[in-house]
Amino acid sequence: MSIVHRYKTGFPTLPLRVYHEHMNMNRPYHSIPKSLAKPLVSSEVQHQISKSKLKRRQQLAGYLTIAPALVLILGLTLYPVAYSIWLSLLEKHSFFPQERFIGLENYFYLWKDPEFWSSLWLGVVYSVWTIFFQVILGVAAALILNETFVGRGLVRGIVLFPYMIPTIVAVILWKWLLNDTYGVVNYWLFALGIVREPICWLGADHIMLSLIVTSIWQFFPFVLLSILARLQTIPPELYEAAKVDGASAFHRFIHVTLPQIRGILFVVILLRSIWMFTKFDTVWLMGEGAGAGRFIRTLPVYAYMRTLTYYQAGLGAALAVIMFAILVVCTVIYFGLFREEADIG
Amino acid sequence: MLGKRRFLGIGVIILIFLFFIPMMASSAEKKVVRIWHTETEPQSVKAFQQIIDDFEKLHPDITIKQEALAWGDLEAKLTAALAAGSPPDASHGQAVTCASFYAKGLLRDQEDIAESIGKNNIWEAVRRQCFHDGKYYGIPHSAATSLLIYRKDIFKAKGLKPPETWDDFIKVAQAMMERDKDGRVTRYGLSLPGVGLFINIAVGELTKANGGRLFDRKTGRPTFTSKEVIEVLDFYKKLNDTVLPPGWLGHGYLDTFANLATGKAAILYQGYGRGAGYIERYAPKEMANPDHFGVLVKPRGPSGKETAAQIDAEPWMIFKNAKYPEEAAMFLKFFFKEENYIKYLHTVPIHLLPTLKSVRNNPAYQANEMVRKWKEWQDMQYRYFETGQAKPTLIIDWEDLRLPFGLEILGSGIVPDMVTDAVRGMPSAQAAAKAQARAEELITKLGYKRW
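Listed in order, the protein sequences are those of chains A and B. According to the working numbering, the stretch in the first sequence is residues 2 to 346, in order. According to the working numbering, the stretch in the second sequence is residues 100 to 550, in order.
Sample of chain B residues with no beta-carbon within 12 Å of chain A, all distances over it, derived:
id, residue
1, Arg207
2, Lys218
3, Asn219
4, Asp315
5, Lys404
Label-pair restraints from in silico Cβ distances:
id, chain 1, residue 1, chain 2, residue 2, range
6, B, Lys548, A, Ile173, 37 to 43 Å
7, B, Gly362, A, Trp189, 16 to 22 Å
8, A, Phe109, B, Glu425, 42 to 48 Å
9, B, Thr318, A, Trp118, 27 to 33 Å
10, B, Leu157, A, Val268, 56 to 62 Å
11, A, Ala326, B, Leu157, 53 to 59 Å
12, A, Tyr108, B, Ala536, 19 to 25 Å
13, A, Tyr108, B, Pro389, 53 to 59 Å
14, A, Trp118, B, Asp232, 42 to 48 Å
The hints are simulated quantities; they were obtained by calculation from the structure and are not laboratory data. Every residue gets a Cβ at the ideal spot worked out from N, C-alpha and C, and that includes glycine.
Starting from the given sequences, assemble the full structure and let the hints guide the process.
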């Protein structure tokens with residue numbers, strides 16, 4: 002028997018005859034003495050009965066154990082989703098009990114609503130750019146922080162800071178930095194001679210860019226943390242072997258690091274995509290819905306406005322359902338495209 | 100000896116008792132009245148708490164919980180609370196909010212509070228803030244109007260005259276601008292907030308100052324495509340192109356005060372008496388006085404005969420379906436007692452003008468340094484009130500408060516979007532038509548169409 006065969010089956014294969022003899026399987030059933038056969042059969046049946054009873058009991062206990070969790074999931078996740086879908090089929094004021102069933106009319110309305118398409122587009126722009134740069138920055142920072150240098154622990158703590166502070170603080174901080182009349186960013190750009198006139202970072206033309214920068218700053222530490230955790234589990238032998246083979250740093254990254262982190266990258270991109278596409282707080286605080294905020298009115302903000310400032314709960318729910326559907330479709334496509342990474346992740 | 104598990108079990112039970120029994124007991128004994136207001140400045144919150152403490156001493160079975168909310172957030176939070184079926188017992192609200200909630204049957208009338216204050220003692224200028232079908236449904240916690248605040252020292256130095264029309268105003272603002280030797284602007288003529296709520300306010304008062312309306316008097320149909328509203332948009336365009344900082348759409352209300360106090364802007368069109376406090380705190384000491392920061396009568400538009408300002412006087416609303424509306428009413432009666440009320444007014448003296456006529460001449464109220472120092476600012480507000488030129492947000496005349504959809508229009512962003520479209524280059528008539536279509540559609544969908 003070859004080593005390969007042993008490795009694949011996990012144990013050395015016995016000749017079939019020896020195995021059957023050992024297990025008494027070659028002896029025909031009628032050749033077994035009755036005295037031996039009867040108790041053997043009945044104890045087997047008894048054993049099976051008690052086994053199935055035990056199994057049922059275990060199953061019941063299992064169901065009982067997960068029942069609270071199931072109830073919670075049904076109550077807290079499925080019910081709201083189902084209720085949202087139901088609400089999206091109604092014409093309903095946000096705080097009045099009166100409602101009217103209108104079928105898919107809210108969806109037809111949104112199909113023709115330019116605000117909806119504009120919000121969808123703004124949401125896509127915001128999500129794609131923030132995710133792209135969060136990943137680039139997060140991976141780069143993780144690679145640096147995976148190296149050994151003096152003060153690494155301190156730097157690791159500092160780079161996590163943006164992710165730890167509350168959103169409201171992060172947004173106020175950035176709004177202060179970017180203010181066109183007294184902001185520090187314009188002051189330095191001006192002092193360094195890069196600009197002649199202050200740039201209106203929070204005005205209509207640049208507010209999306211400002212929002213993207215703020216969000217990258219706020220959320221890249223999540224990518225960093227996830228990737229760094231994975232990097233620390235890669236066996237150093239792999240890098241040593243690659244070095245011996247003469248691989249450059251770039252090649253080591255492409256052929257060793259990247260294949261090792263692709264599973265976690267898959268998960269991180271998936272999570273960040275969902276979170277950025279549905280991000281509300283940062284976007285709302287940056288623009289407050291109107292004025293220049295109109296130019297960052299993404300789908301979650303628009304859904305909020307329809308529900309709580311236009312007071313059209315039905316339309317707000319329809320927007321939420323559309324967001325949910327978009328995310329489901331994108332997730333399915335994503336899983337289809339990166340099947341292997343999904344298995345690793 | 101107790102086993103480890105039994106010991107732990109007993110510990111857990113004791114903890115549960117310790118946490119839950121007092122809670123159950125206190126909730127059974129005390130009535131917790133929730134009150135939301137928009138006076139977020141620390142000194143106002145403190146004074147309000149002192150009034151609460153005094154009230155609680157007299158009513159040991161009642162606990163009042165105050166929550167100070169940002170003005171711009173109030174309507175959305177109230178709606179969310181109403182949707183969740185747990186409104187506060189009493190809350191501030193704008194006049195249009197109060198009107199909408201009244202129309203929807205959500206408010207308790209406040210005739211008893213008005214009686215306890217003395218109906219004739221409520222200042223006529225703010226009586227109609229939330230007065231429907233012959234009853235008070237809201238009594239303003241205080242009164243204020245928007246103000247045109249300007250750098251008086253620069254104005255005088257340039258020998259300028261108070262502007263009477265919008266064209267004059269642009270010329271004055273341009274004259275007050277300052278550039279460096281390279282032609283860069285170092286002081287803008289005007290600073291305006293670009294936040295949705297403030298654009299709603301400005302469009303309302305500019306339309307009124309231009310002799311126009313935002314909604315048809317009889318049918319309530321939006322009149323955004325009227326000549327007067329289109330002229331308002333043209334005015335915005337001119338301001339945007341000449342005297343406003345390029346990023347003004349991203350500026351908040353406090354940014355505009357920062358711009359004025361630090362010399363980055365010469366005029367605020369949407370200033371308020373509250374600004375006197377900011378100026379005292381943040382402007383250079385030698386400048387923090389009415390000789391440097393004055394107020395002017397707001398100009399009128401090309402189609403208008405007189406100016407207009409906005410009333411900032413949120414009525415207290417009491418929600419019928421809240422848990423303790425009667426206790427909230429008891430508290431408000433206590434709040435309006437002169438000795439308590441004056442304490443509250445003095446926390447922002449130039450902004451919180453008294454709703455009660457008797458307080459205005461009360462020596463205790465007058466004995467405030469800021470009231471004396473910034474008298475010019477107070478007088479300008481009294482002027483707007485007494486002439487009837489001041490009206491609440493989006494309201495041109497009091498009859499508009501009968502429209503039940505003001506709250507929805509205010510929150511929708513339709514009016515700010517119209518202004519944004521115009522200043523971003525869309526022809527004013529087109530921006531107005533777009534907003535008109537959106538507003539009509541919203542009103543129709545809400546079931547309020549009457550045309």
